[in-house]
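Chains A and B are the protein sequences, given in the same order. Per the working numbering, the first sequence starts with residue 1, numbered consecutively. Per the working numbering, the second sequence starts with residue 1001, numbered consecutively.
By construction, these hints were calculated from the structure, which means they are not laboratory data. As the structure is a prediction and not an experimental result, all values here were calculated from the model. Backbone N, C-alpha and C define an ideal beta-carbon position, used for all residues, glycine too. Some hints here could point you the wrong way.
Taking lysine-lysine and the PhoX-like style, the derived pairs with C-alpha atoms no more than 20 Å apart in a straight line are [said to hold, decoys possible]: (1) A:Lys332 to B:Lys1029; (2) A:Lys87 to A:Lys43; (3) A:Lys382 to A:Lys358; (4) B:Lys1332 to A:Lys29; (5) B:Lys1332 to B:Lys1147; (6) B:Lys1029 to A:Lys147; (7) A:Lys29 to B:Lys1087.
Derived Cβ-Cβ restraints for the label pairs, each shown as a range [stated by the list, open to error]: (8) A:Gly238 to B:Ala1356: 46 to 56 Å; (9) B:Glu1033 to A:Gly32: 23 to 33 Å; (10) A:Ser47 to B:Ser1317: 43 to 53 Å; (11) A:Gly168 to B:Gly1228: 32 to 42 Å; (12) A:Asp177 to B:Glu1033: 46 to 56 Å; (13) A:Gly32 to B:Ala1354: 54 to 64 Å; (14) B:Ser1317 to A:Glu33: 18 to 28 Å; (15) B:Asp1252 to A:Asp335: 54 to 64 Å; (16) A:Arg44 to B:Ala1353: 56 to 66 Å; (17) B:Glu1327 to A:Gly24: 15 to 25 Å; (18) B:Ser1368 to A:Arg329: 55 to 65 Å.
There are 2 protein chains.
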Amino acid sequence: MNKVAVLGCGVVGKGIVEILTDNGAGIAKNLGEEVELKYVLEKRDCSGESFAEKVIDDINIILADEEVTIVCECIGGVGIAYEFIKKCLMAGKSVVTCNKHLVAEHGLELLAIAREKGVSFVFEASVGGGIPIIRPLTNCLAGNRVKEIFGIINGTTNYILTQMSQCGQSFAEALADAQRLGYAEADPTADVEGIDACRKICILADLSFGHNIPPAKVKTQGITAVEGIDSAFAASLGYAIKLLGHTICDDDGMVTTFVAPHFVPQSALLANVNGVMNAVVVRGDSVGECLFYGAGAGRYPTASAMVGDIMDCVRHSDGCRYIDWGEEREDKQADSDALPSRWYVRFEGCGHAAMAEKDGQKALITESMSAYALRESFGEDKILSAFRVLD
Amino acid sequence: MNKVAVLGCGVVGKGIVEILTDNGAGIAKNLGEEVELKYVLEKRDCSGESFAEKVIDDINIILADEEVTIVCECIGGVGIAYEFIKKCLMAGKSVVTCNKHLVAEHGLELLAIAREKGVSFVFEASVGGGIPIIRPLTNCLAGNRVKEIFGIINGTTNYILTQMSQCGQSFAEALADAQRLGYAEADPTADVEGIDACRKICILADLSFGHNIPPAKVKTQGITAVEGIDSAFAASLGYAIKLLGHTICDDDGMVTTFVAPHFVPQSALLANVNGVMNAVVVRGDSVGECLFYGAGAGRYPTASAMVGDIMDCVRHSDGCRYIDWGEEREDKQADSDALPSRWYVRFEGCGHAAMAEKDGQKALITESMSAYALRESFGEDKILSAFRVLD
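With these hints in hand, go ahead and build the complete structure from the sequences.
Dropping the structure here:
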């Protein structure tokens, strides 16, 4: 029998414990064997919990217990979580995590240890929460050359942008609502500055293109520059503003990865993904365009993906064999400012004819050009805001 | 090395040959080993083709060749395809197919043979063409209790319904266009009567609920009863008409499966899936609602899914361990006419107040009720058309 240890029993950890308990029979039937929760590592007092007798506070008990074959990390961050995961893998245990920060920063190293030890290091929940995306991408679509991936991979910012466009709220009002509803942290920086989305698109790019893309190398623009008037212009021009993680691989294998608000045509499904929901579009040479949609966060959706990963670890006791990538290739990373696209530009008088005017301000959609050409064409000081148009 | 035989070299078979050739290096890198096409079984003259030297016309050559570990069936139908697949599995070869007719009718038997022989019988392309749906459902979402699946799983009928609603075409005009564009067969019965969608929803129900649902037991209504005026009422009431395969499992494990046109609220992503595109929604107890969207047919999308399956067979040389279901359970199948839902009803004078009127005809959306209650409430002879509303 496979025994599981859960590290950290906050929102997601508790969800895993619940699913393993409540759906235990179904899981056992599917796998042909039982999966038993043996330990919950947690320093806080859990004496009132149904799983109280399984709570321990020393990782060494887990490391030394050969019955524990699978460890679920729900601690978060890259400090103690990184240290514990590394130790667990070194001890020959498969590890499941939803920690995108850790996967984006240390995935390459941890995958190598897992490979060496013949165990799994899997992280379906690290991108898109409950949405199946990593396994479909690396398994079902593995016969494709992936050309492009873009998606709404941060629910907090999608909630804020939805409120701005549908309810006319300002950024500050929408953020305050998001915080009140528990969709945004007290310090919302990682979400609103695009840092969270950056980690996730890096993981998808790593997996699709085969070499490590460090988040620090990725141009990342959040949504703090999106003003109410941009939302209004978007609506009148037939678009919705969405913060997208975006990665493109050209025919020479050059990869351009960036995070930025995009003007998404209202006819695209992605423009209709609202509130805290997430969706990822994959463009492959054979499959064309696929979209994967669902809840990008939350206790049960995230735990759903992690329990799926636990089951995958059970099925592949010799280690998962399709999630992997190689060392960084600086020669394969392209500058996103050189990538041509059409742009939405809100500008002040500079000889360009406006396509729309509102409150004395002007906006237009350009022909396709690089960011460099855009700045040259308008003059950097004349551009009040500029966002890429998704084609 | 794993060697592959492709049975039948029509539209999809040729796509597989092309992908295996053109993406061979990428596939080998992903798998850590090469996949070589050894035979193409085809009776027609292929002398002008690049793979002409691999063409044979005797299945026994494939059956006797131990180097061939994986067979891709692209013949179609349940005659010779069934016979060949059975022989290949019995000979210890994994089989990949896109043949929904065969999987829905004979999947149970063929999976049992595969299990006994320790090989894979996989069919990702049988539902939703290139869209990853079977593996995400059975693997990533395996920790969930699936409660409901519904989707647009026939591109031909979705094209016709889209044309009717967006261009005001009649059913006959839209069908003629679909045939001219190659989206519909000369004999469109299997598509327009919902038979194709029925096979696909049965496969998803089999996989999700664990017992065989024979297509013959599933109430299946196609789109021939949808009239232009229903499309017009749908638009004015805020809906789109979509042909959905639909399966629901209640808390007691009773499964209701049916195929019928539905009124889908325009705010739902599914209402915005147009033309020949497909999309499937899965509702699970943990993950909530997920949607999977993409091309449901066509050479390369279908071949993309089948090459993904070939790669899965290579990775699981001891047989795929997560796609399976059991014998039919008549005691677990519920009558779809007893399933309550709201309904769109177009009717003639019977004491009900219309919510919309057009060309002297009346329509309304009911409260939730069974089909039996609906017929009793209106009088069967007063109902001109009635379609379920998706909630």
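Going through the hints against the structure:
{"no.": "1", "hint": "A:Lys332 to B:Lys1029", "verdict": "18 Å, holds"}
{"no.": "2", "hint": "A:Lys87 to A:Lys43", "verdict": "19 Å, holds"}
{"no.": "3", "hint": "A:Lys382 to A:Lys358", "verdict": "17 Å, holds"}
{"no.": "4", "hint": "B:Lys1332 to A:Lys29", "verdict": "18 Å, holds"}
{"no.": "5", "hint": "B:Lys1332 to B:Lys1147", "verdict": "14 Å, holds"}
{"no.": "6", "hint": "B:Lys1029 to A:Lys147", "verdict": "17 Å, holds"}
{"no.": "7", "hint": "A:Lys29 to B:Lys1087", "verdict": "29 Å, violated"}
{"no.": "8", "hint": "A:Gly238 to B:Ala1356: 46 to 56 Å", "verdict": "27 Å, violated"}
{"no.": "9", "hint": "B:Glu1033 to A:Gly32: 23 to 33 Å", "verdict": "27 Å, holds"}
{"no.": "10", "hint": "A:Ser47 to B:Ser1317: 43 to 53 Å", "verdict": "48 Å, holds"}
{"no.": "11", "hint": "A:Gly168 to B:Gly1228: 32 to 42 Å", "verdict": "38 Å, holds"}
{"no.": "12", "hint": "A:Asp177 to B:Glu1033: 46 to 56 Å", "verdict": "53 Å, holds"}
{"no.": "13", "hint": "A:Gly32 to B:Ala1354: 54 to 64 Å", "verdict": "56 Å, holds"}
{"no.": "14", "hint": "B:Ser1317 to A:Glu33: 18 to 28 Å", "verdict": "20 Å, holds"}
{"no.": "15", "hint": "B:Asp1252 to A:Asp335: 54 to 64 Å", "verdict": "59 Å, holds"}
{"no.": "16", "hint": "A:Arg44 to B:Ala1353: 56 to 66 Å", "verdict": "59 Å, holds"}
{"no.": "17", "hint": "B:Glu1327 to A:Gly24: 15 to 25 Å", "verdict": "24 Å, holds"}
{"no.": "18", "hint": "B:Ser1368 to A:Arg329: 55 to 65 Å", "verdict": "57 Å, holds"}
In this structure, the earlier hints numbered 7 and 8 are contradicted, and the remaining ones agree with it.
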